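Q: My request is simple: use the sequences and hints to build the entire structure.
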Amino acid sequence: MGQSNVNLKKITTSLIAVGLGVSVIIGAGTYKKSLSKEAPTFKASFEKGNETFKEFVYDINNQGFAKRLLQPGKISVSTGHGGGIVNKTDKAVLVNVRTEGLPGDPQLESVNQTFDKKSKKFLKPLEPGESLSLGVDLDIPRSLLSKKYNVSQGSIIFEDANSGGMLGVLPVKIINSAI
Amino acid sequence: MKNTKKTLIRRGIWYLIGFVLLYAPFGLIQVFLIKVLKLTGRTDIHGSCFRMVLASLAQGKGIDTLTTSGIITFVILIAAFFFGPQFCGKLCVAGALPEFASRFVPNKLKIDWQKYIPSAPVRYGALIGFIIAPALGISVACAYCNYSLMEKFVLGGISWNMAILSSAAILTGFVWLFVLGIFTKGGRGYCTYLCPIGAAQSILHRIGIILPFTYKLKLHKENCISCGLCEKECPTRAINIIDDLPSYNVHNCIACSQCVGTCPKKAITFGWGKGRWVNSKKDKLVNDTGRVEL
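Heads up: the protein sequence lines correspond to chains A and B, in order. Sequential numbering of the first sequence, starting at 1, is according to the numbering used here. Sequential numbering of the second sequence, starting at 1001, is according to the numbering used here.
Treat the hints with care, since some could be wrong.
As a list, the in silico EDC-like pairs of lysine to aspartate or glutamate whose alpha-carbon atoms are at most 20 angstroms apart [stated by the list, open to error]:
| hint | chain 1 | residue 1 | chain 2 | residue 2 |
| --- | --- | --- | --- | --- |
| 1 | B | LYS1152 | A | ASP116 |
| 2 | B | LYS1152 | A | GLU38 |
| 3 | A | LYS124 | A | GLU47 |
| 4 | B | LYS1005 | B | ASP1244 |
| 5 | B | LYS1266 | B | GLU1233 |
| 6 | B | LYS1152 | A | GLU47 |
| 7 | B | LYS1038 | A | GLU130 |
| 8 | B | LYS1035 | A | ASP116 |
| 9 | A | LYS54 | A | ASP105 |
| 10 | B | LYS1152 | A | ASP139 |
| 11 | B | LYS1218 | B | ASP1244 |
| 12 | B | LYS1152 | A | ASP137 |
No wet-lab data here; the hints were simulated from the structure. What you are looking at is a predicted structure, and each value in this text was computed from that prediction instead of being measured.
A: As structure tokens, this is what we get:
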């Protein structure tokens, strides 16, 4: 009887602990989901050339507590995981990216193997139908973040390095809706 | 004490090798798989990601084995079955960092969580949560990844420019490095409670040790002098001295060999073949009133 009680206690404790593990992960996932607006992403496709893509809006007020506490000014204008910029034209384009009007020394990043991390340029053309990922990292001074609703405004410009033609423009707006 | 330090240095070298093999800016394994074997994938730590493979499987997308992460996951799991979780014990820098750092924190500031919460079932529960999360429309694969965070810290340190972190990543860093890291006895709280990679390896190792031809931890009771060094040095609290003999919890073991290197009488060894470490019946009874083991 004593041994079966011990076994029952052991099984119950283990089951509660398993439930705790499941709950922690599901809880963490739910918390992350609630912060989905903290890291908005954009999608863009080159079709006719010289296009203006849907405006990318980053709201500082959507940041979670930890982010707001430690690095509220470090944000990324990003396509997120997977390729977000698609070449829908019928010819290959060598994508050149530059920014205009964005604060905090914007740094280009990409996980694509054609992206050269030193020169911050794509070295190989983007073939028709292919996609690439991109992130423009910004480091906005804290003093700018809490002063006004419109923190900053600028754009990311995509050009074809071979022809010099404009592929598109992504307007970027950084706001703080708490003000 | 000398043996303990020697073992720590040896393990430290292994972890450095692990860093060079798997993490950017090196990622030698991924570079080899991409350049020589022409597989697809990334050369940073994401190119060896077990979590993404598992999440992909859980979402019904299957596993694409001909990718860097597919191959690396496959090798880690097969190795765990035959050799134990050697990846955790030899190559996982993300697990080693808080463990080694915790050695500089006074013991009185550390919590022995396992006194209160059994780690193995929590970790298996976390693995279950990890598997069912995609079905609930929740993604936890990348947001809470301490591997990715480790790489960001190193790359940020090299370029003197800290990477952009999400709230979830900051929370992960806090839990992994501090709450379950340097302020936890052994420094391996994140590994023993939350790591899905470790949990999957432990399950396979638990099955593997039953077979007579696998590599496993062995206790030579006749040599044991009950000095308690193995219990003191085990970073995952897999060994506990019960009734003057070390009791072994295979679910917590990361095959780091710290106990093997520390034991002054060579009473604990890693080896092939039969003779796995089985706790005596007496040990088990005592365990029932103390530590919970699966």
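Q: Confirm or reject each hint.
A: Each hint tested on the structure:
1. B:LYS1152 / A:ASP116: With a Cα-Cα distance of about 18 angstroms, the restraint between LYS1152 (chain B) and ASP116 (chain A) holds, given a limit of 20 angstroms.
2. B:LYS1152 / A:GLU38: 19 angstroms, holds
3. A:LYS124 / A:GLU47: Distance ~19 angstroms between LYS124 (chain A) and GLU47 (chain A) Cα, so the pair holds.
4. B:LYS1005 / B:ASP1244: Given pair LYS1005 (chain B), ASP1244 (chain B) is violated - Cα atoms ~25 angstroms apart, limit 20 angstroms.
5. B:LYS1266 / B:GLU1233: 15 angstroms, holds
6. B:LYS1152 / A:GLU47: 35 angstroms, violated
7. B:LYS1038 / A:GLU130: 19 angstroms, holds
8. B:LYS1035 / A:ASP116: Given that 20 angstroms is the threshold and the Cα spacing comes to 17 angstroms, the pair holds.
9. A:LYS54 / A:ASP105: Violated, at roughly 23 angstroms.
10. B:LYS1152 / A:ASP139: 16 angstroms, holds
11. B:LYS1218 / B:ASP1244: Distance ~17 angstroms between LYS1218 (chain B) and ASP1244 (chain B) Cα, so the pair holds.
12. B:LYS1152 / A:ASP137: Answer holds: LYS1152 (chain B) to ASP137 (chain A) is near 14 angstroms, not above 20 angstroms.
The structure is inconsistent with the numbered hints 4, 6 and 9, although it conforms to all the rest.
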